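> Respectively, the protein sequence lines represent chains A and B.
16 is the number of the first residue of the first sequence in this note's numbering; add one for each residue after it.
43 is the number of the first residue of the second sequence in this note's numbering; add one for each residue after it.
The set of hints was computed from the structure by calculation and includes no laboratory data.
As the structure is a computational prediction, the values presented were derived from the model and not from experiment.
Be a bit skeptical, because a hint or two may be false.
What the hints assert, rightly or not - Quick list of in silico lysine-lysine cross-link-like pairs, BS3-like style, CA-CA up to 30 Å:
(1) K141(B) to K176(A)
(2) K129(B) to K141(B)
(3) K129(B) to K176(A)
(4) K129(B) to K175(A)
(5) K141(B) to K175(A)
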Amino acid sequence: MAPLFYIFAVLAILAALSVVLQRTPVYSALSLIVVLCSLAVVYLLLGAEFLAVIQVIIYAGAIMVLFVLVIMLLNARQETPSDRSRLARWLGAPLLLVFLGELLFAVWERFPAATTRAAALPDAGPRAVGALLFRSYVLPFEVTSILILVAVLGAVVLAKKRL
Amino acid sequence: MIPTHYYLFLGAALFTIGVVGVLTRRNIIVILMSIELILNAVNINLVAFSRYFQAVDGQVFAIFVITDAAAEAAVGLGLIIALFRNKETVNADEIDLLKW
Chain A
16 MAPLFYIFAV LAILAALSVV LQRTPVYSAL SLIVVLCSLA VVYLLLGAEF LAVIQVIIYA
76 GAIMVLFVLV IMLLNARQET PSDRSRLARW LGAPLLLVFL GELLFAVWER FPAATTRAAA
136 LPDAGPRAVG ALLFRSYVLP FEVTSILILV AVLGAVVLAK KRL
Chain B
43 MIPTHYYLFL GAALFTIGVV GVLTRRNIIV ILMSIELILN AVNINLVAFS RYFQAVDGQV
103 FAIFVITDAA AEAAVGLGLI IALFRNKETV NADEIDLLKW
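Using the sequences and the accompanying hints, generate a full structural model.
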């Protein structure tokens with residue numbers, strides 16, 4: 016099980032780098048699909064089967080189709096890098112590494128390897144997730160449905176030429 | 043068994059890459075995709091802690107985050123289409139109407 020995690024974690028990070036570094040938006044979108052699918056495997060290793068399935072169906076399926084559709088629609092070509100700031104290149108990259116190191120150090124300090132609890136979740140199937148979602152979290156669930164409604168209305172209003 | 047902090051490391055790395063994408067790219071669509079990377083980093087942390095604390099609540103929150111990502115993508119892409127219709131560009135640095 017352990018090699019599977021390392022393989023897909025490295026794959027996710029490489030594909031994420033590819034999302035950021037590719038100059039053509041379609042390649043970025045395809046790399047993002049690789050990231051999402053390898054994260055689905057990571058969720059499986061964490062014992063979150065339902066979330067893994069949701070990740071593939073909703074994220075890699077529905078949301079990414081929307082992205083690719085808009086890229087095709089707007090005919091977004093290769094982007095030319097802007098050479099506006101030299102300072103950003105020489106100062107930004109080291110500061111970024113400092114930021115990442117700080118994050119990793121904070122995690123490392125709070126979670127020494129010894130305190131890790133071993134067992135996977137006893138019951139985290141769709142049944143357990145659904146029971147929690149529709150009992151304890153039923154109000155946030157309903158509020159989310161209103162959010163989706165507003166998002167649909169907003170998208171229509173924004174994208175339509177004239178109402 | 044993979045210890046929990048390895049998952050948190052993965053989340054931190056993805057978050058940082060997402061931040062780089064938001065800050066350095068010019069194409070608004072790629073900026074939105076980098077935001078999706080950041081949201082996924084959050085999801086990894088939620089699910090990892092869900093296992094750490096032996097509680098399913100983290101997974102429910104991750105589902106909420108995915109729902110919000112869907113709403114954000116719909117509205118964001120609608121905004122991009124509206125912008126493209128008015129300005130004929132998808133580069134973030136060319137949309138500078140409010141810049142002095």
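> Give a verdict on every hint.
Verification of the supplied hints:
1. K141(B) to K176(A): holds, 26 Å
2. K129(B) to K141(B): holds, 15 Å
3. K129(B) to K176(A): holds, 14 Å
4. K129(B) to K175(A): Distance ~16 Å between K129(B) and K175(A) Cα, so the pair holds.
5. K141(B) to K175(A): Distance ~27 Å between K141(B) and K175(A) Cα, so the pair holds.
In the structure shown, no violation is registered for any of the earlier numbered hints.
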